[in-house]
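J.: Chain by chain, the residues:
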Amino acid sequence: MPSSHTEPRTGGPAGRAGGVIHDIGYRPYAGPRGGHGAIARSLYLTGVRNVFGLGRSGKSKILPFALLALNVLPAVIIVGVVTFIGLSSLPLAYPEYAATTTILLGTFAAAQGPILFSRDLRHGTISLYLARPLSATAYALARWGALATGIFAFVMAPILVMYLGALLAQMDAGEQTTDFLAATLVSLLLAGMLASVSGLFSAIALRRGFAVVGTIGTILFGYGVVAVIQGISLEQDQERVGEIAGLFHPMTLYAGLVNVLTDADNAITPPTGAAMEVLYVVVSVLLALGGLGLLLLRYRRLATR
Amino acid sequence: MATLHPVDRAADRRSGVPAIATQGLTKDYGSVLALDSLDVTVGTGVTGLVGANGAGKSTLIKILLGLLDPTAGSAQVLGHDIATEGAEIRARVGYMPEHECLPPDVSASDFVVHMAQMSGLPHAAARERAADVLRHVGLAEERYRPMGGYSTGMKQRAKLAQALAHDPRLVLLDEPTNGLDPASRDDMLELVRRIGHDFGIAVLVTSHLLGELERVSDHVVVLDGGRLLRASATTDFLDTTGTLLVEVLGGATERDLLGRALHDAGFPSRPRGNVVAVEPPAPGDTRNVHDMIRDTAVDLGLGLVRIQPDHHRIEDIFREEVAGAVQPH
Ligand SMILES: Nc1ncnc2c1ncn2[C@@H]1O[C@H](COP(=O)(O)OP(=O)(O)OP(=O)(O)O)[C@@H](O)[C@H]1O
Ligand SMILES: [Mg+2]
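Sequence order for the protein chains is A and B. Just so you know, we're using our numbering here: the first sequence kicks off at 10 and counts up by one. Just so you know, we're using our numbering here: the second sequence kicks off at 72 and counts up by one.
Looking at chain A on its own, in the form it has when it is part of the complex:
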């Protein structure tokens, strides 16, 4: 009781040597404590692991790894065929790969965004984060970075498989490396755009289902709408309409970027003219950063009510 309240910590483990051995009592922590940078890095790394279900329950790993396997499988087959037949070039350019597996990519981004954003909001864990040194905006930035990294890894895994296969098949290493690096650049922009779309939906919709439906709807359905508009404008010799429509969706922006920044091309109505090409790059960066900005704003408002 208070009257007999003596200095409780002076004992320490040594001072309590006379006590029971298995109860070593409370041990204060005197070691180092990292600053905001170290904390943010730790949050980011945990987030990257969580995107793939690591550090979470066993069944959380099923979906991300099943999608990843499906995403990499065609690349493995391509490499097998290329080395077996002995082709001199890959049948599919690196950056075209993501466009052909949009459904897998969209599902991955939609399903894993809520893991990093909705989960903390829905279960109230966010108040534990806000009660620790990191600011709400630093939290959101680390989370967004983790999601973008996860998506980037998902996009790049099959491309890496194809690249290694191409080198193994003795294709021109310099040419392949240049193409591979160009693919890396456009994949980074794609991952940033998808992380912003998925992250925003997940930070607004607390229920995972709403966030998933919102993101999948935007990425897959929205893609279909824009692609149809581009197809019609191509038929009608009104390519400009298609080029402008392409600015309104991450996947058609990506197709345009591939056209502008790499040797490959799979856009229906690729941007023509320097101004339109620059516009595609600028809008892509704006979509990624603008979405991130809105996310940061949302979390700043959460923190100061």
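Since the hints were made in silico from the structure, they are not lab data. By construction, the Cβ of each residue, glycine as well, lies at the ideal position given by its N, Cα and C atoms. It cannot be assumed that every hint is accurate.
Claimed, not checked - Simulated restraints, written as ranges between beta carbons of each label pair:
{"hint": "1", "chain 1": "B", "residue 1": "Thr155", "chain 2": "A", "residue 2": "Pro37", "range": "24 to 30 Å"}
{"hint": "2", "chain 1": "B", "residue 1": "Asp99", "chain 2": "A", "residue 2": "Phe230", "range": "41 to 47 Å"}
{"hint": "3", "chain 1": "B", "residue 1": "Ala323", "chain 2": "A", "residue 2": "Gly133", "range": "54 to 60 Å"}
{"hint": "4", "chain 1": "A", "residue 1": "Ile112", "chain 2": "B", "residue 2": "Thr155", "range": "46 to 52 Å"}
{"hint": "5", "chain 1": "B", "residue 1": "Leu104", "chain 2": "A", "residue 2": "Pro37", "range": "35 to 41 Å"}
Following the hints, position chain B with the ligands against chain A.
T.: Structure of chain B with the ligands alone, referenced to chain A:
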């Protein structure tokens, strides 16, 4: 990269700054005045923050953590100003919210490690701390299972463990006994007492049950409608009233025999349960009450079991003041 100053407990302790101090702290939600010009000081040990639903307990805690901005007034936590040094405060304080806050698909072990890292501890140190605090709160093998499957008692323990993960100087525990059965409630209160007294971490613990904090708190702060109703050391409440409680062998007959004899001797006495409550003699009466009771019992041939001083209970004191604002159990 900037490294925060290591938390220097010895300096914190020496400096003698209060764990919490508020001056005119006010929070106006617009529709509700949740805190009304509150002045309180909280020191080391365990401080109970008591008030009915809506008294402003959680609002005060959130303002101290910098999760809410006050409308007016100021406050310092461990000597740091809430307006300008929020990050420093949050590095040194542990928080157990009243609401759910645990991700269901993560194990308590992984979660507490992560939360320790969120306070800057390196991974290896975080793992060691997590194992330690989970042992202290009494989570055994279940610590490796996802927390979604935990009972309310286990969830409360996990919530407490994450609040202790980084070895804070002060913990703010918002209704830690909420939803617990009587046995788990006693365990939790015992833990709270150990944190404040054996671990040397200052504790602010809230409850709307006055009675349950009486046993573990050194101080009690009572809030009513956002205003400070009373702040006192628990010992003040436990001061003796001067009344003595006397128990003799036998039943009601023996009890009343003694009671009447003492009453006739000039000591106002009333039966209370199976004992006799003997009030102190009038001022100026120099007789020794203990001797009188013993002699009277001997004269009557009664077996004296014990004589003990009567204590106030917090609830008795607050019952009138609070006038129903605080539920006494
Ligand atoms: N965000 C908010 N907006 C408006 N009013 C609020 C808000 N949060 C709390 N209040 C009001 O402020 C008052 C104090 O609330 P608070 O949660 O601090 O009380 P409490 O003492 O913690 O109650 P309880 O025992 O129910 O947890 C209540 O009347 C509550 O309705
Ligand atoms: Mg409350």
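J.: Would you mind marking each hint as holding or not holding in the structure?
T.: Going down the list of hints, with the structure as the test:
{"no.": "1", "hint": "Thr155/B / Pro37/A: 24 to 30 Å", "verdict": "holds (27 Å)"}
{"no.": "2", "hint": "Asp99/B / Phe230/A: 41 to 47 Å", "verdict": "holds (46 Å)"}
{"no.": "3", "hint": "Ala323/B / Gly133/A: 54 to 60 Å", "verdict": "holds (55 Å)"}
{"no.": "4", "hint": "Ile112/A / Thr155/B: 46 to 52 Å", "verdict": "holds (51 Å)"}
{"no.": "5", "hint": "Leu104/B / Pro37/A: 35 to 41 Å", "verdict": "holds (40 Å)"}
Violated hints: none; the structure is consistent with every hint.
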